[in-house]
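J.: As a plain string of letters, each chain reads:
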Amino acid sequence: GENVEQHPSTLSVQEGDSAVIKCTYSDSASNYFPWYKQELGKRPQLIIDIRSNVGEKKDQRIAVTLNKTAKHFSLHITETQPEDSAVYFCAAEGLTFGKGTHLIIQP
Amino acid sequence: GAVVSQHPSWVICKSGTSVKIECRSLDFQATTMFWYRQFPKQSLMLMATSNEGSKATYEQGVEKDKFLINHASLTLSTLTVTSAHPEDSSFYICSAQTVSYSPLHFGNGTRLTVT
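Chains A and B supply the protein sequences, listed in that same order. According to this note's numbering, the residues represented by the first sequence are 1 to 107, in order. According to this note's numbering, the residues represented by the second sequence are 108 to 222, in order.
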């Protein structure tokens, strides 16, 4: 089955700086890669997703890049703000999740 | 759109009893729903895929006789934790997709505490 590795497990950045979270997957047949944000005690919420026919997708301060050859995809958050503090999960095919990255935005 | 409702949001039960958790898609039909378990500060672990009108597909290591899943309609899936024990205490969360390979819409989750 699919295996998803996510790094780092914790990421602390200064407010206004950029944050990058990386995931790798094992199944080359996977075609759908969403990213979810989960605030403490709340349900995960989709923030951005990408499909295998696209190499990059951007939505305001958030972007995702996909390298199918290398089987990895990354989440990029620019101009980070305090409200970006949360746990972020990547997923392959939408069902197999990475272990999560706790993003901490330092004021 | 695409709202998933999960009840109860929290439940405390005694060891040996059973607990039922409901997951409803409010504004769409979901032929497939998913049940996850999440331990504190850990990821979502897929327990099973609930298929409307057929048996659920359980992930390796998940006891199907302990975690009973019923998907009786296109808008409702239930997870019953049978003969609960303290080690079953966890955060259980369901999700559904409007179509395959599309974003998951999550319920609010259920915090289960077994005493």
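The set of hints was computed from the structure by calculation and includes no laboratory data. Please note that the accuracy of each hint is not assured.
As the list claims (entries may be wrong) - Each pair of labels, with its calculated beta carbon distance range:
#	chain 1	residue 1	chain 2	residue 2	range
1	B	215	A	29	41 to 51 Å
2	A	69	B	115	43 to 53 Å
3	B	114	A	106	32 to 42 Å
4	B	171	A	42	26 to 36 Å
5	B	187	A	42	42 to 52 Å
6	A	40	B	167	28 to 38 Å
7	B	124	A	55	24 to 34 Å
8	B	112	A	29	13 to 23 Å
What the hints assert, rightly or not - Derived lysine to aspartate or glutamate pairs resembling EDC-like cross-links, with alpha carbons at most 20 Å apart:
#	chain 1	residue 1	chain 2	residue 2
9	A	42	A	84
10	A	71	A	2
11	A	68	A	39
12	B	148	A	5
13	A	99	A	79
14	B	173	B	129
15	B	148	A	84
16	A	58	A	27
17	B	162	B	194
18	A	57	A	84
19	B	171	B	159
20	A	42	B	129
21	B	148	A	59
22	A	71	A	39
23	A	99	B	129
24	B	171	B	134
25	B	173	B	134
26	B	148	A	83
What the hints assert, rightly or not - A few chain B positions that, by computed beta-carbon distances, are all more than 10 Å from chain A:
#	residue
27	134
28	179
29	193
30	204
31	208
32	209
33	215
34	221
None of the values given here were measured: they were computed from a predicted structure. For glycine and all other residues, C-beta sits at the position ideal for the given N, C-alpha and C.
J.: Hint by hint, note whether the structure agrees.
T.: Hint check results:
Distance hint check: the CB atoms of residue 215(B) and residue 29(A) are about 32 Å apart, inconsistent with the given range 41 to 51 Å. Look at residue 69(A) against residue 115(B): about 46 Å separates their beta carbons, and that is inside 43 to 53 Å. A beta carbon spacing of about 38 Å between residue 114(B) and residue 106(A) agrees with the range 32 to 42 Å that was offered as a hint. Between residue 171(B) and residue 42(A) the beta carbon distance is about 29 Å. The supplied range of 26 to 36 Å therefore holds.
Checked against the hint of 42 to 52 Å, the C-beta distance between residue 187(B) and residue 42(A) comes to roughly 25 Å, which is inconsistent with it. Taking the beta carbon of each, residue 40(A) and residue 167(B) are about 29 Å apart, inside 28 to 38 Å as hinted. Take residue 124(B) and residue 55(A): their Cβ atoms lie about 52 Å apart, and the range 24 to 34 Å is violated. At roughly 33 Å, the beta-carbon separation of residue 112(B) and residue 29(A) lies outside the given 13 to 23 Å, and the hint is violated.
Taking the CA atoms of residue 42(A) and residue 84(A), the gap is about 14 Å. The hint holds against a cut of 20 Å. A hinted pair counts as satisfied when its Cα atoms are at most 20 Å apart, and residue 71(A) with residue 2(A) qualifies at roughly 12 Å. For a cut-off of 20 Å, the pair hint linking residue 68(A) to residue 39(A) is broken: about 29 Å separates their Cα positions. Of the supplied pair hints, the one linking residue 148(B) and residue 5(A) holds, its CA atoms being roughly 16 Å apart against a limit of 20 Å.
Proposed proximity of residue 99(A) and residue 79(A) is contradicted: the alpha carbons are some 24 Å apart, above 20 Å. For the suggested pair residue 173(B) and residue 129(B), the alpha carbons sit about 16 Å apart, so the restraint of at most 20 Å is met. Our distance criterion of 20 Å between C-alpha atoms is met by residue 148(B) and residue 84(A), whose separation comes to about 17 Å. For the hint linking residue 58(A) to residue 27(A), the alpha-carbon distance of about 24 Å lies beyond 20 Å, and the restraint is violated.
Taken as a hint, the residue 162(B) and residue 194(B) pair is broken in the structure, with Cα atoms around 25 Å apart against an allowance of 20 Å. For the hint linking residue 57(A) to residue 84(A), the alpha-carbon distance of about 19 Å falls within 20 Å, and the restraint holds. A hinted pair counts as satisfied when its Cα atoms are at most 20 Å apart, and residue 171(B) with residue 159(B) qualifies at roughly 17 Å. At roughly 17 Å between alpha-carbon atoms, residue 42(A) and residue 129(B) fall within 20 Å of each other, so this suggested pair holds.
This hinted pair does not check out: residue 148(B) and residue 59(A) have alpha carbons roughly 27 Å apart, beyond 20 Å. Taking the CA atoms of residue 71(A) and residue 39(A), the gap is near 27 Å; set against the 20 Å cutoff, the hint is violated. With a CA separation close to 26 Å, the supplied pair residue 99(A) and residue 129(B) exceeds the 20 Å bound. Pair hint residue 171(B) plus residue 134(B) does not hold up; C-alpha atoms about 29 Å apart against a cutoff of 20 Å.
For the given pair, residue 173(B) sits about 30 Å from residue 134(B) by alpha-carbon distance, which is inconsistent with the 20 Å threshold. Straight-line distance between C-alpha atoms of residue 148(B) and residue 83(A) comes to about 18 Å, which keeps the hinted pair within the 20 Å bound. At roughly 16 Å, the least C-beta separation between residue 134(B) and chain A is larger than 10 Å, which holds for a residue marked as non-interface. With a closest Cβ-Cβ approach of about 22 Å to chain A, residue 179(B) is found to remain outside the 10 Å limit, as its non-interface label requires.
With a least CB separation of 21 Å from chain A, residue 193(B) remains clear of the 10 Å interface cut-off, as annotated. At roughly 7 Å, the least C-beta separation between residue 204(B) and chain A is not larger than 10 Å, which violates its mark as non-interface. Listed as a non-interface residue, residue 208(B) fails to keep its Cβ farther than 10 Å from every Cβ of chain A; the least gap is roughly 4 Å. Against chain A, the non-interface label of residue 209(B) is violated: not every CB pair exceeds 10 Å, the least being about 7 Å.
A Cβ of chain A approaches the Cβ of residue 215(B) within 10 Å, the least distance being about 5 Å, so the stated non-interface status is violated. Residue-level check passed: residue 221(B) sits 19 Å from the nearest beta carbon of chain A, beyond 10 Å.
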